[in-house]
Amino acid sequence: MQLSALVEEGPAAFVVQREALAALPAVLRARGYLVVGPVVREGAVVLEELRSLEDLPRGWADDQAPGAYRLRRREDGALFGFAVGPQSPKCWFHPADALVFRARRSRAGTEIAPNVEAPPKLALFGARACDLAAIAVQDRVLREGPAVDSIYDSRRRDCFVVAVNCTEPARTCFCVSTGTGPCATAGFDLALTELIDEVGHRFIVTVGSPAGRRILAELHARPAGTSDVESAHAAHARAASEMKRAIDPVEARGLLARNAESPVWEEIADRCLACGNCTMVCPTCFCTTVDDVADLTGDHAERWRRWDSCFTFQFSHLNSGVVRAGTSAQYRHWLTHKLSGWNEQFGQSGCVGCGRCITWCPVGIDLTEELVRIREREDRPARPEIHA
Amino acid sequence: MARRPKLAVWKFTSCDGCQLSLLDLEDELLEVAGQVKIAHFPEATRRSLQGPYDLSLVEGSITTEAEKARILEVRGASRRLVTIGACATTGGIQALRNFADVSAFAEVVYARPETISTLADSTPISDHVPVDFELRGCPINKRQLLEVICAFLARRPPVVPTYSVCVECKRRGAVCVAVMGTPCLGPITQAGCGAICPAYTRGCYGCFGLDESPNVASLARHWRGSGVPADQVVRMLQTFNAGAAPLREESERHGRD
Ligand code: SF4
Ligand code: SF4
Numbered sequence: 001m002q003l004s005a006l007v008e009e010g011p012a013a014f015v016v017q018r019e020a021l022a023a024l025p026a027v028l029r030a031r032g033y034l035v036v037g038p039v040v041r042e043g044a045v046v047l048e049e050l051r052s053l054e055d056l057p058r059g060w061a062d063d064q065a066p067g068a069y070r071l072r073r074r075e076d077g078a079l080f081g082f083a084v085g086p087q088s089p090k091c092w093f094h095p096a097d098a099l100v101f102r103a104r105r106s107r108a109g110t111e112i113a114p115n116v117e118a119p120p121k122l123a124l125f126g127a128r129a130c131d132l133a134a135i136a137v138q139d140r141v142l143r144e145g146p147a148v149d150s151i152y153d154s155r156r157r158d159c160f161v162v163a164v165n166c167t168e169p170a171r172t173c174f175c176v177s178t179g180t181g182p183c184a185t186a187g188f189d190l191a192l193t194e195l196i197d198e199v200g201h202r203f204i205v206t207v208g209s210p211a212g213r214r215i216l217a218e219l220h221a222r223p224a225g226t227s228d229v230e231s232a233h234a235a236h237a238r239a240a241s242e243m244k245r246a247i248d249p250v251e252a253r254g255l256l257a258r259n260a261e262s263p264v265w266e267e268i269a270d271r272c273l274a275c276g277n278c279t280m281v282c283p284t285c286f287c288t289t290v291d292d293v294a295d296l297t298g299d300h301a302e303r304w305r306r307w308d309s310c311f312t313f314q315f316s317h318l319n320s321g322v323v324r325a326g327t328s329a330q331y332r333h334w335l336t337h338k339l340s341g342w343n344e345q346f347g348q349s350g351c352v353g354c355g356r357c358i359t360w361c362p363v364g365i366d367l368t369e370e371l372v373r374i375r376e377r378e379d380r381p382a383r384p385e386i387h388a
Numbered sequence: 001m002a003r004r005p006k007l008a009v010w011k012f013t014s015c016d017g018c019q020l021s022l023l024d025l026e027d028e029l030l031e032v033a034g035q036v037k038i039a040h041f042p043e044a045t046r047r048s049l050q051g052p053y054d055l056s057l058v059e060g061s062i063t064t065e066a067e068k069a070r071i072l073e074v075r076g077a078s079r080r081l082v083t084i085g086a087c088a089t090t091g092g093i094q095a096l097r098n099f100a101d102v103s104a105f106a107e108v109v110y111a112r113p114e115t116i117s118t119l120a121d122s123t124p125i126s127d128h129v130p131v132d133f134e135l136r137g138c139p140i141n142k143r144q145l146l147e148v149i150c151a152f153l154a155r156r157p158p159v160v161p162t163y164s165v166c167v168e169c170k171r172r173g174a175v176c177v178a179v180m181g182t183p184c185l186g187p188i189t190q191a192g193c194g195a196i197c198p199a200y201t202r203g204c205y206g207c208f209g210l211d212e213s214p215n216v217a218s219l220a221r222h223w224r225g226s227g228v229p230a231d232q233v234v235r236m237l238q239t240f241n242a243g244a245a246p247l248r249e250e251s252e253r254h255g256r257d
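Chains as they are written, first to last, in this note's numbering: chain G, 1 to 388; chain W, 1 to 257.
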């Protein structure tokens, strides 16, 4: 339905055959982009430089469950037959380690040289709807607020996005319930839906920007007929109906705000390792710390900005000590901020339903289940007795 | 020029690997020697200067009566005392004796066991004297060692994070081996190595000891639930830092199964 809405609003849908799509990475590279997309490494789909379509995880599917991820072969030769892996666009826009400045001390004083290295101009190839929603969340926080994060902004500013609509969600996905997928509606230059059927292996392409239109003009594309658009539409609807998990973001907001004292937090802490993996893989988590390092003489120093996590003690260390020194307080803070406090702070939820925190938690803690538990255990106000 | 602080390196029961990290610094070694006076470091020089020492790096655990006495002397002669490595910090691999009868080991290993004079347990330095900072690892990471020396010279706290290996692992973009089915100690182990093993698709062996908030019971329960047999869980928990109380207690719990 989103696809047809886009078509009606102006940009038409096009068809690009599987073989013709092969030109796209080269077209983008010729325009100075570093093309980043899904590739298989160490048994998982990660985001790395894509030199050609051959680098894509062709013929791979993924099985995901709480605390478990495996790739599996598929017969149809699909290029995008898997869901999101452990990495997200955040790894490229909001790098894990970034040099902020170098400093040099001499007799003349201290000289500070900001890191002005120009980042690569990025083209994201194969970003999913939840990824785009997460980028929008990070944009809101890191470039649209009162303070612009220059590291993020410089990488994000000129990027090109080729989105891929999901046709086979993972068992851990719940983007339908968060309203962020499985079909990309905004935030892309081109969006592809992969179709493999008796008609052939092809991509239904919608255009999201003038830049997208210009790039598409360099591919062999023809306007899509109604049956192709309908097939794409049906694939999205199937993906949406197959989704196994859900949250109610509106309910979660109030539920978590009310339940700071829920006994469930301690029960989670009994399992949670406070390892921080959930925050590292979450495409919207943006927290960082700053490390200053100096050489032995103290004359040369560097400031590095690195990903941090609300599951570390240093994160809440103030001069009086660690504010959240226990796992239950850490987990509560993470989930409550993400699903509740984020709304007050940034006008939207911090969760885009990608399920990464579920799959990549080493002990498989599942926020969708924990929300149900918190609701079940909530002390409801006693119902007033009605006397006849 | 201000007086160069005196650095001493001491060895107790250990393999010398951690001290060698200092020599391993190669590029920075001359600079270190320029900033501090290396007053006692038998691995590097026969010359030994009298104390007191401004900074003592202590490697190794306490396993003999003589070491028990000597660590008191070292502490007495040192303004700052930093332990380096798993042995000095938790008793090391030799703390496996703490789970067994050390005389039985001596019988098997030595031709004349009666010549061996050793304590029943291998214990960390902090069991015997106050320690100013514990640098983890088996062996330690030379970058972290350099950071500790720099921090000492600048009189600032060292930047040595106490969070999990997972944070480093994700930052370097490695794929989580635990979620791919390999038992891994990373989620309860302190960062510092740069997540070397997971980056080579091996589970973390826990060389750097427990992190700031280790939930050993949950991780072990998860392994057992995914089919790892009890004896393997015990072996994973009883390695370089077996002497750390949470690892010891959890391994004993599974040892009874
Ligand atoms: S919820 Fe899972 S991934 Fe997150 S800190 Fe706890 S154990 Fe680690
Ligand atoms: S909280 Fe979990 S499901 Fe939601 S966006 Fe973050 S990683 Fe994805």
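In short, the hints are calculated from the structure, not lab data. By construction, the Cβ of each residue, glycine as well, lies at the ideal position given by its N, Cα and C atoms. Careful: at least some of the hints might be erroneous.
[Claimed, not checked] One-sided excerpt, in silico: chain G residues whose CB lies under 7 Å from chain W:
#: 1; residue: Leu-53
#: 2; residue: Ala-65
#: 3; residue: Tyr-69
#: 4; residue: Asp-197
#: 5; residue: Gly-200
#: 6; residue: Arg-271
#: 7; residue: Ala-274
#: 8; residue: Glu-302
#: 9; residue: Trp-304
#: 10; residue: Thr-312
#: 11; residue: Trp-360
Hint check results:
1. A least Cβ separation of about 22 Å between Leu-53 of chain G and chain W goes past the 7 Å threshold, and the interface hint is therefore violated.
2. Using the Cβ-Cβ criterion of 7 Å, the hint placing Ala-65 of chain G at the interface with chain W is not satisfied: the shortest such distance is roughly 10 Å.
3. A hinted interface residue such as Tyr-69 of chain G counts as satisfied when its beta carbon comes closer than 7 Å to some beta carbon of chain W; here the least separation is about 5 Å, so the hint holds.
4. Proximity of Asp-197 of chain G to chain W is violated relative to the hint, the smallest CB-CB distance being about 32 Å (cut-off 7 Å).
5. The restraint placing Gly-200 of chain G at the interface with chain W is violated, with a minimum CB-CB distance near 34 Å, outside the 7 Å limit.
6. For the restraint placing Arg-271 of chain G at the interface with chain W, the shortest Cβ-Cβ distance is roughly 5 Å, inside the 7 Å limit, so the hint holds.
7. Here the hint on Ala-274 of chain G is kept, as its CB sits about 5 Å from the closest CB of chain W, short of 7 Å.
8. The beta carbon of Glu-302 of chain G is not positioned within 7 Å of any beta carbon in chain W (closest approach about 11 Å), and the interface hint is therefore violated.
9. The criterion of a C-beta within 7 Å of any C-beta in chain W is not met by Trp-304 of chain G, whose closest approach is roughly 10 Å, and the hint is violated.
10. For the restraint placing Thr-312 of chain G at the interface with chain W, the shortest Cβ-Cβ distance is roughly 4 Å, inside the 7 Å limit, so the hint holds.
11. With its C-beta approaching chain W no nearer than about 6 Å, Trp-360 of chain G sits inside the 7 Å limit, and its interface hint holds.
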